[in-house]
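Engineer: Generate the whole structure from the sequences, applying the supplied hints.
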Amino acid sequence: MTNVKQYFRSHLKANLRLITYIFAAVLVVSFLFGIENQPTSRYDFELQKTFDDYKCTLNIPVTILAILTYVIPVMEFSFFKRRVNLDCAYALPISRRAMGMVHYVTGLITLFGAFSASYLVNLLLLISRGKGWFDFSVLPEHFLLCLLVGFAVYSVFVFVFNEANTKGDGIWFIVLYTFVWVLVLSALGEVFDSMLIYEANKFPWGSLFDLTNSYKYIVEMDNPDNATFWQSPDMIAWFAFWVSLGISSFVGFFLTFGKRRMEKTEEISDSYFGFRTLIPIFAVSGMIFFGEEIVFWVIIELLAILGYTIYRRGFHYKKSDIAILLALFILLFI
Amino acid sequence: MIEITNLSHSLGVKTVLRKIDLQIPDNTVLGIVGINGAGKSTLLRLLAGVYLPDAGYIRYDDRSPADPETRRDIFFLPDDPYYSSFMTPLSLFDYYLTFHPNMDRETYDRLLGAYKIDPAGKMRNFSKGMRRQVFIALALAVKPRYLLLDEAFDGLDPLSRKIFKDAIISLVEEGRTTVLIASHSLRELEDFCDRFILIDDNVIKEQGDIAEHVGRLCKFELAFTEAVTEELFRGLPIASLIIKNRFVRIVLEGDSAEMRERLERLSPAVMDEMPLDFEETFIHDVRKEGMIV
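The listed protein sequences correspond, in order, to chains A and B.
Residue numbers 33 to 366, in this note's numbering, belong to the letters of the first sequence in order.
Residue numbers 981 to 1273, in this note's numbering, belong to the letters of the second sequence in order.
Computed footprint of chain B on chain A; a stretch qualifies when at least three of its residues, placed anywhere within it, have a C-beta under 8 Å from a C-beta of chain B:
id, region
1, 42 to 50
2, 113 to 124
3, 287 to 295
Residues from chain A that keep clear of chain B, each with C-beta distances beyond 10 Å, as calculated:
id, residue
4, Phe-144
5, Leu-179
6, Leu-180
7, Phe-211
8, Ser-246
9, Phe-282
10, Phe-305
11, Phe-314
12, Glu-324
13, Glu-325
14, Leu-338
15, His-348
Within a straight-line C-alpha distance of at most 16 Å, the following computed EDC-like cross-link-like pairs (lysine to aspartate or glutamate) qualify:
id, chain 1, residue 1, chain 2, residue 2
16, A, Lys-45, B, Asp-1074
17, A, Lys-291, B, Asp-1047
18, B, Lys-994, A, Glu-295
Honestly, the hints are just simulated from the structure, not real lab data.
Ideal placement from N, C-alpha and C gives every residue a C-beta, glycine not left out.
Structural biologist: In structure tokens form, the structure reads like this:
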């Protein structure tokens, strides 16, 4: 345990400069976008006075949270994608799992810290407008929900990034996992003809922005009817889906990180959570979703070939890859 | 004592080490030799706990290197050690101090001084040899019970090599460090290694005392009054033979006094026994095994 604390301290110290840059960038961006918030003039007939109504800019910290869930897993775990680094790191007197957890926690602290700082800047800017139009009492609830979704998406991206053997493949995995749910749920919505599946079908952050809009309505007291929007079944389904996925990803990361073999680093990323499964899923879901549009099917076939070329780093396809490509090709004609 | 039992390891589909058995007593300096790709670095990584073996096991006094606590007693210096772009020799020391709280600052400063390294300089601006010197100073400052060095002499100038060798010798003389060193600089290994192992074809082909091993062969240069052919030397235990008209360089397997006597029977005009070093012995060994031609 002492080793873990010491490693955590030294890791934090080593990354302090980078974390400081992130915080500085987040604060500057939050401030600049916050003060850009232009008011709408409203005349109060009772008081016979003109007021400036400002819009609630909760989308700024949420956007920052969304961007950082992509940046921080890459920043924290790229270290583990180079053999040169691991030669020294894995010889240190600390377990690999503990080392992974230190990087995970550091990333989560950076994510939550930067989001909180951005949130605070926005809140202060809103308060400074001081028109009494804002009901801030619901914001702690919104803040905590954002943190929960932030944890979930960050955990998913940390898990999939670490399923890759190179930094480049890891970035591909994160990008693919951003879109895979949309495509799979769209295909399932088509197959089961379910509106719930169809409406719950959002990018990781799509529904969080919807949810944020609900809170914005409350804060602005503009259209209170919209405030309950986030309690709709599709939103709850989306929320439950991502939180479950986040928890599963965290457990998966915790269980597998210590068992990863160093000699696989920089090799082809052969994980079942990676290209191997994602390419067929994307292709089949795409074909179902686009129905009988033959042009899209041809594009999907070509994208699948491109996918396998990236996966194998060239045209060194394996029999299983060729079998899948052939199967997709046959489907094209059926 | 380090005990390696039935150790096998593969990298992808390629078997690198197969059923290795080895015992390394405490306070030994063991040289690990072999041609490129023989498995020297893989063995060191397995010993450091960086690789987890496919089969068999490694024990440091009954403790596995997979256990982080065992690794507290081990320092592994790979051929290309990690440093972050912001690191200086001072911050590198602080980083390792986290894991080896008993590191000796005086040794570190002394060696950096001997190598004329600026402790506050950015390591990314150092040459490969300078970075090597910093890590060597670090390894010696840790004073580990087990020091594992991969291509330790790589990039070092002759003076730096001498400082390094002297420091290793004094560390071992203090009586608590076992050093395992993989290197292609066999002449350097010969100076301070007690024992060696030769890895080839996934297994340990040769092992033993370096002086004894070198003593198995003897080298002579002879001059004859007339041109000679290989036929003249038939029946001798030849390790290598080079004939240029009347002049001959021959390496023989066996006791040098006996071989001198047998060569004298061939009536050379002049005969000199030449010193033979570990590197030449290694070349003869690998030629014999068909590793190189």
